[in-house]
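Each protein sequence line maps, in turn, to chains E and X.
The opening residue of the first sequence carries number 1 in the working numbering; numbering runs sequentially from there.
The opening residue of the second sequence carries number 1 in the working numbering; numbering runs sequentially from there.
For the record, the hints were derived by calculation from the structure and aren't laboratory data.
In this text, a Cβ means the ideal position worked out from N, Cα and C, and glycines have one as well.
You may find that some hints are simply not true.
Distance condition first, Cα-Cα at most 27 Å in a straight line; then the derived DSS-like pairs of lysine-lysine [said to hold, decoys possible]:
{"no.": "1", "chain 1": "X", "residue 1": "Lys-57", "chain 2": "E", "residue 2": "Lys-106"}
{"no.": "2", "chain 1": "X", "residue 1": "Lys-57", "chain 2": "E", "residue 2": "Lys-101"}
{"no.": "3", "chain 1": "E", "residue 1": "Lys-101", "chain 2": "X", "residue 2": "Lys-11"}
{"no.": "4", "chain 1": "E", "residue 1": "Lys-3", "chain 2": "X", "residue 2": "Lys-57"}
{"no.": "5", "chain 1": "E", "residue 1": "Lys-3", "chain 2": "E", "residue 2": "Lys-52"}
From the derived model, a few chain X residues whose C-beta atoms are all more than 12 Å from chain E [as the list claims (entries may be wrong)]:
{"no.": "6", "residue": "Pro-8"}
{"no.": "7", "residue": "Glu-14"}
{"no.": "8", "residue": "Lys-15"}
{"no.": "9", "residue": "Val-19"}
{"no.": "10", "residue": "Thr-70"}
{"no.": "11", "residue": "Thr-78"}
{"no.": "12", "residue": "Gln-83"}
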Amino acid sequence: DAKTTQPPSMDCAEGRAANLPCNHSTISGNEYVYWYRQIHSQGPQYIIHGLKNNETNEMASLIITEDRKSSTLILPHATLRDTAVYYCIVRVATKGGSNYKLTFGKGTLLTVNP
Amino acid sequence: GAGVSQSPSNKVTEKGKDVELRCDPISGHTALYWYRQSLGQGLEFLIYFQGNSAPDKSGLPSDRFSAERTGGSVSTLTIQRTQQEDSAVYLCASSFSSGGDTQYFGPGTRLTVL
Chain E
1 DAKTTQPPSM DCAEGRAANL PCNHSTISGN EYVYWYRQIH SQGPQYIIHG LKNNETNEMA
61 SLIITEDRKS STLILPHATL RDTAVYYCIV RVATKGGSNY KLTFGKGTLL TVNP
Chain X
1 GAGVSQSPSN KVTEKGKDVE LRCDPISGHT ALYWYRQSLG QGLEFLIYFQ GNSAPDKSGL
61 PSDRFSAERT GGSVSTLTIQ RTQQEDSAVY LCASSFSSGG DTQYFGPGTR LTVL
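One chain only, chain E, in its complex shape (with noise of 0.2 Å):
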């Protein structure tokens, strides 16, 4: 799976938009990318995923630029309890094969503040 390139910590008001950048230049044309966070002490929480087009579901929208080499993963309206590490990874999400062992790098620790 292709390397993604995240900041380490960023900081956000309570209210408003978060916007968590990701790269991840090397990017195959069969390759996904998915978001995930972890809240202190739980498991992982599947955020949104994507492959060329924006998506946007209940919980965030998720932007990807015409090249993929880079996508921003917003969080309309930021509360206390997003504060969290977001993963962005990016994955071949096909049927079968080995393509199943989901690695996190560091993520970014987003801190939403009052």
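Once you have looked at the hints, place chain X on chain E.
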């Protein structure tokens, strides 16, 4: 709907004792994964079950570790003769199908070996 559940949430044991950790995947998910996460570290893949196929045990760190998945649903991870270096959070995840499907994690079991 119900997510992945794990029990116990916390387990403290003495060095040399055996422990069993349980995972209940999301109903209908055929793939189940075990990972562990040591303090401040990333995910370490342990084992993968898919339907009735032979599991991928390539991540198990030693022969003291074993896992079963009975009836294609509940899984048990067993660690025999626990050592202090086994202390970690043991995470279970499941996905609808195999390979690159989105994995959903449970809350984890925090194992402390004294």
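Now for the hints, and whether the structure bears them out:
1. Lys-57(X) x Lys-106(E): 25 Å, holds
2. Lys-57(X) x Lys-101(E): 12 Å, holds
3. Lys-101(E) x Lys-11(X): 25 Å, holds
4. Lys-3(E) x Lys-57(X): Holds - the C-alpha atoms of Lys-57(X) and Lys-3(E) are around 25 Å apart, at most 27 Å.
5. Lys-3(E) x Lys-52(E): 17 Å, holds
6. Pro-8: 14 Å, holds
7. Glu-14: 23 Å, holds
8. Lys-15: Holds, since 24 Å exceeds 12 Å.
9. Val-19: 18 Å, holds
10. Thr-70: The claim holds: Thr-70(X) sits with its nearest Cβ about 21 Å from chain E, beyond 12 Å.
11. Thr-78: The claim stands: Thr-78(X) keeps its Cβ more than 12 Å from every Cβ of chain E (closest is about 20 Å).
12. Gln-83: 23 Å, holds
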